[in-house]
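Engineer: Please build the complex by placing chains A and C on the supplied structure of chain B, with the hints as guidance.
Protein chains in written order, with the numbering used here: chain B, 1 to 357; chain A, 1 to 313; chain C, 1 to 358.
Each hint should be verified, as a subset may be incorrect.
Derived SDA-like pairs: lysine to any residue, alpha-carbon spacing no greater than 25 Å straight-line [claimed, not checked]:
id, chain 1, residue 1, chain 2, residue 2
1, B, K123, A, P217
2, A, K71, C, V197
3, B, K72, B, D184
4, C, K243, B, H165
5, B, K216, B, V85
6, C, K215, A, M27
7, B, K210, B, T113
8, C, K3, B, I313
9, B, K17, C, L351
10, C, K245, C, I179
11, C, K52, A, L137
12, A, K47, A, Y272
13, A, K3, A, I288
14, C, K215, A, A269
15, B, K319, C, V194
16, C, K45, C, L64
17, A, K71, A, I5
18, C, K3, B, N308
19, B, K92, A, G298
20, B, K83, B, R97
21, A, K122, C, N54
22, B, K92, B, G28
23, A, K2, B, T120
24, A, K3, C, V194
25, B, K5, B, V66
26, C, K53, A, S215
27, B, K89, A, D202
28, B, K123, A, L296
29, B, K72, C, F11
30, B, K92, A, M27
31, A, K3, C, M191
32, B, K17, B, G296
33, B, K210, B, L150
34, B, K295, C, P20
35, B, K158, A, G298
36, C, K86, C, R156
37, B, K216, B, M160
38, B, K137, A, S215
If you're looking for bench data, these hints aren't it; they were derived computationally from the structure. Since the model is a prediction, treat every value here as computed from it, not as a measurement.
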Amino acid sequence: MAREKIMEVRDLSISFKTTTGILNAIRGVDMDLYRGETVAIVGESGSGKSVTAKAMMGILASNSIVNSGTVKFTYNDNGGESKTVDILKMSKNEIRRDINGKHIAMVFQDPMTSLDPTMTIGKQITESMIWHYKTPKAEAEAKALELLELVGITDPEKRMKNYPHQLSGGMRQRVVIAIAMACDPDLLICDEPTTALDVTIQARILELIKDIQVKKNISVIYITHDLGVVAKVADYVDVMYAGKLVEKGTVDEIFYEPRHPYTWGLLSAMPDLDTRDDRLYTIPGSPPTLKNEIKGDAFAPRNKYALNIDTRIDPPMFKISDTHYAATWLLDDRAPTHDMPPEIKGRIERMLKEENK
Amino acid sequence: MKKYIAERLGTALVTILVIIFVLFAMMQLMPGSPFNDEKLSRELIEKLNEKYGLNQPIYVQFFKYVKNIAKFDFGISYVINKNISINLMLKTRVPTSMRIGLQAVSVGAVIGLLLGIIAALKHNTFWDNLTTVISVLGVSVPSYVFALLMLYFFAYRLGWFPLLYTKTEPFRSSLLPTFALSMFTIASIARFTRTEMLEVLDSDYMLLVESKGISGPALIFRHALRNALIPIVTVLGPLVVGLMTGSLVVEKIFSIPGMGALMTAAIQANDYNVTIAMTYIYSVMYIIIMLVVDLLYGVIDPRIRLAKEDSGE
Amino acid sequence: MNKYQIASDNFDMDSIEFLPNDFEFIGNKPEEHIDSNFASQDYWKDVFIRFKKNKGAVIGFILLVFITIMAIIGPMVSGYTFDQQKIEFQDFAPRVPGLEKIGIFDGSETMRSPGGGASRVINKYKTTEGAADVYYWFGTDNLGRDIWTRTWMGTRISLIIAVSAVLIDMAIGMSYGLIAGYFGGWVDNIMQRVLEVVNSIPTLVIVTLLMLVFKPGLFTIILALMVSGWVGMSRIARAQMLKLKEQEFVLASRTFGAGSWHIIFSEVLPNIIGQIITNTMFSIPNAIFTEAFLSFVGLGIPAPQASLGSLISSGYNSFTTHPYQILPPLIVLALLMLCCNMVADGLRDALDPKMAQM
Chain B
1 MAREKIMEVR DLSISFKTTT GILNAIRGVD MDLYRGETVA IVGESGSGKS
51 VTAKAMMGIL ASNSIVNSGT VKFTYNDNGG ESKTVDILKM SKNEIRRDIN
101 GKHIAMVFQD PMTSLDPTMT IGKQITESMI WHYKTPKAEA EAKALELLEL
151 VGITDPEKRM KNYPHQLSGG MRQRVVIAIA MACDPDLLIC DEPTTALDVT
201 IQARILELIK DIQVKKNISV IYITHDLGVV AKVADYVDVM YAGKLVEKGT
251 VDEIFYEPRH PYTWGLLSAM PDLDTRDDRL YTIPGSPPTL KNEIKGDAFA
301 PRNKYALNID TRIDPPMFKI SDTHYAATWL LDDRAPTHDM PPEIKGRIER
351 MLKEENK
Chain A
1 MKKYIAERLG TALVTILVII FVLFAMMQLM PGSPFNDEKL SRELIEKLNE
51 KYGLNQPIYV QFFKYVKNIA KFDFGISYVI NKNISINLML KTRVPTSMRI
101 GLQAVSVGAV IGLLLGIIAA LKHNTFWDNL TTVISVLGVS VPSYVFALLM
151 LYFFAYRLGW FPLLYTKTEP FRSSLLPTFA LSMFTIASIA RFTRTEMLEV
201 LDSDYMLLVE SKGISGPALI FRHALRNALI PIVTVLGPLV VGLMTGSLVV
251 EKIFSIPGMG ALMTAAIQAN DYNVTIAMTY IYSVMYIIIM LVVDLLYGVI
301 DPRIRLAKED SGE
Chain C
1 MNKYQIASDN FDMDSIEFLP NDFEFIGNKP EEHIDSNFAS QDYWKDVFIR
51 FKKNKGAVIG FILLVFITIM AIIGPMVSGY TFDQQKIEFQ DFAPRVPGLE
101 KIGIFDGSET MRSPGGGASR VINKYKTTEG AADVYYWFGT DNLGRDIWTR
151 TWMGTRISLI IAVSAVLIDM AIGMSYGLIA GYFGGWVDNI MQRVLEVVNS
201 IPTLVIVTLL MLVFKPGLFT IILALMVSGW VGMSRIARAQ MLKLKEQEFV
251 LASRTFGAGS WHIIFSEVLP NIIGQIITNT MFSIPNAIFT EAFLSFVGLG
301 IPAPQASLGS LISSGYNSFT THPYQILPPL IVLALLMLCC NMVADGLRDA
351 LDPKMAQM
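So that you can see chain B by itself, here it is in the shape it has in the complex (with noise of 0.2 Å):
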């Protein structure tokens, strides 16, 4: 079956007006999901990931600008027809009116400060069923309870009436998930869903929006700076640092044929029970603000294979496969000859056995 496109994102930038002067979020991305499946975009806090989300879902803060670029979403509109639209060029009413909720749905970081605090669960599900499709109240009330129940609520008349407060953050997360899921999108975005849970309930909280995306064959973002996560859920990574896209590929890809630096240290301070290093890698210093213009490779002043020409030269992107990209100039030929660190290797090593018993 041919792979459908519903989310094209070319050259897109964006910059922040603040009080203490302009913040360039977004430095030209490139990205593209299909549907039914599942991209996870990685990065530290401020590398843009959540900006590229909000942009998707055209929910920006008043403040920015969009200096360039296009979003193109693939969706089929009431009469069953395929329309794209470029998300940038609609205004915000019409996002609203076509887009939100209806086409796309996000579920936020935080599920305990996510709710309207004055109104019911059951109101907050329905509420977009009714604004957007005039659903009969109590028809949109059957699909809410029914959704609970998909989202894995116990008693889900009684948590109807509730109020957000009267649940715990696990289940305020699902009844997100529920919101999101009320008008049938064709994209859910999540935007680093299970940060703010218990361990064991981000496994949970992972498995269920896994589950509800085979049965509703939706595609699904995943935002996050949780490589495990990742792991359990991706099929295609996108790494971004400082407003750029440094390396993506399939989560094999990422996760066993690393190129970029940066990727690497993603991957060595991920916690693995089999380090036996006793302290866990970090990345040294932290992320350029990107108030100034950068010159080069934003990464070089983090990075122990800097080469002269990052501190002049942007690299571009290389291609390494057909799904494998990375922006680095350790993949020209002119570069020396180099070795990822040993840590990530034998982490590869110890996986690929792990995956091969």
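Structural biologist: Frame of chain B, contents of chains A and C only:
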């Protein structure tokens, strides 16, 4: 919720008792007796003391005092209107003051809310700055300054309104005092609504509501304003106080025959009985309003109403 | 041809002039790299810079300093005293040397009838004997006292009250809140109940009652502030204490055996001083207003002393005929309140940058 109501009621009652006790102590501390007319003979004073129970032990007097004051029976005025019952004096004054107070609150709430909402929605624009200027002015300039300015320009120089309050034109002549009184309300509500709205608009749950595709009035009124208005209760206390103190001077300036004017007159004339009566009424009004506000808070905020109920998982 | 193709559309490898050492490792040792993004900057220096950016606050501060200086030297430079009466010079309009030549402040005033009817201009300096060379910069009141001198004397009283309010806030409110918050438990419980009762008696009532017992005057007003003015501050101090006392640095200090008083005043207080200062600034206009209000109602500073409130009160009696009598104290009072509020706003935003962006 029941425990919450009981707690509030308890505090209110204790406070009223404390106030009565303080008032009674003041009466005892007050120099001279009510019968300090030089024409009265010693025997007559003793007789009067007996008649009014002033020779009884102090605790008996106290309980009697509590009983009377709880029934809002304040006795008579000694100076302002000799031997006239204070309740009679209050009969026409309370409605007048209440009416002007309510007018001021309504005007203040409507204008203040509108300004606050517009300022938050049009953040960092001309409207926002205008609201900030108005609210800083309104909070920092005493209401009698506004009263005097309005009186001078709109009544004296332009002649649009009567100079003083008249019973023949109770509405038109109450407009200037209403606006003078409402400035503080407008300012505090506008300022508060703006801050709260900005905070709510910036919250995660508003982002979620937007991501559901909700927009326009539903977004602003059903979600944003509802959440922003809950904590508005915190400004109501200062507001009530502002109105009370404001009414004292504004009623004096516009010669409104209300409670504030009576209290001012009583203070200036050293009419202890009237002053204490007014003090008591103001305290009780304040306590009742704060009580209602607290209970209301519980009703509109589900987090208080349904506190300590079960949560799953 | 490179082993790996270049996938970026707008990238032209040929246009780059490569240097011979381009493809050599820099030899970065990022572990030794010092983080410069979050280089420490002095907190108070930051606060000062943010405060300076707020024009309203700076103007308010300058005006406040100006008013304070005038309150000190104003009464000295006029050549009159605040209680010197001259019945024959009563109700003189303002007259300022120099300015009178261009037709303003020349001692003339317009007598009007209400509603904008007939009006006529009179100048008492010309019609009164011996007044030709007399200058009253703000005019005189109905007893022939110099309004300039009285206004600045009144400002002095208001400022004294402001300073007292600050001291009361600090001494009573802050300590009360810090102690209640730190000890918690039944101490806090009792202290909170007391506070609730004090708070539910309107200030107006407390002040009136005190005025009935004590003689009206500066002392009584300050006493009234002492009874009622500290509640807001103690709430803030308590809330901050509750927030901070669970934090690691307090815990660390306790583990090292620090006593309660040391923790309260040397560990926690320096961390909340910002909020305390801001709140103090907000309580100043309240105190000034309380005084002005009491004087206006007739419970303030007794004559012949003057406060801004009593000046407004006496000017009010004749303000339709001689508006210049009420304007100086009215303007100074309004400015004083406004400046305090603007400075307080500016301070709050400077101390808490999150609020400033809102």
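Engineer: K71(A) and I5(A) were given as a pair; does the straight-line alpha-carbon distance stay at or below 25 Å?
Structural biologist: It holds: about 24 Å lies between the C-alpha atoms, which stays within 25 Å.
Engineer: Within a Cα-Cα threshold of 25 Å, do K17(B) and G296(B) meet the stated pairing?
Structural biologist: Holds, because 23 Å separates the two Cα atoms, which is no more than 25 Å.
Engineer: Would you mind confirming whether the straight-line C-alpha gap from K92(B) to G28(B) stays at or under 25 Å?
Structural biologist: Distance ~22 Å between K92(B) and G28(B) Cα, so the pair holds.
Engineer: Starting from K243(C), check that the Cα of H165(B) is at most 25 Å away, please.
Structural biologist: 22 Å, holds
Engineer: Check the hint pairing K137(B) with S215(A) against an upper bound of 25 Å on the C-alpha distance.
Structural biologist: 20 Å, holds
Engineer: Is K92(B) close enough to M27(A), meaning Cα to Cα at most 25 Å?
Structural biologist: Since the Cα atoms of K92(B) and M27(A) sit roughly 68 Å apart, the hinted pair is violated (cutoff 25 Å).
Engineer: Taking only the CA atoms, is the gap from K210(B) to L150(B) under or equal to 25 Å?
Structural biologist: 12 Å, holds
Engineer: Check whether the Cα positions of K3(A) and I288(A) lie no farther apart than 25 Å.
Structural biologist: Satisfied, since the Cα-Cα distance of roughly 18 Å is no more than 25 Å.
Engineer: Need the status of pair K319(B), V194(C): alpha-carbon distance at most 25 Å?
Structural biologist: 73 Å, violated
Engineer: Holds or violated: K83(B) with R97(B), Cα cutoff 25 Å?
Structural biologist: 15 Å, holds
Engineer: K3(C) and N308(B) were given as a pair; does the straight-line alpha-carbon distance stay at or below 25 Å?
Structural biologist: Holds. K3(C) to N308(B) sits at ~21 Å (cutoff 25 Å).
Engineer: Measure nothing beyond the straight line between the CA atoms of K216(B) and M160(B); if it is 25 Å or shorter, mark the hint as holding.
Structural biologist: Within the cut-off at roughly 23 Å; holds.
Checked against the numbered hints above, the structure violates hints 15, 19, 26, 30; every other hint is satisfied.
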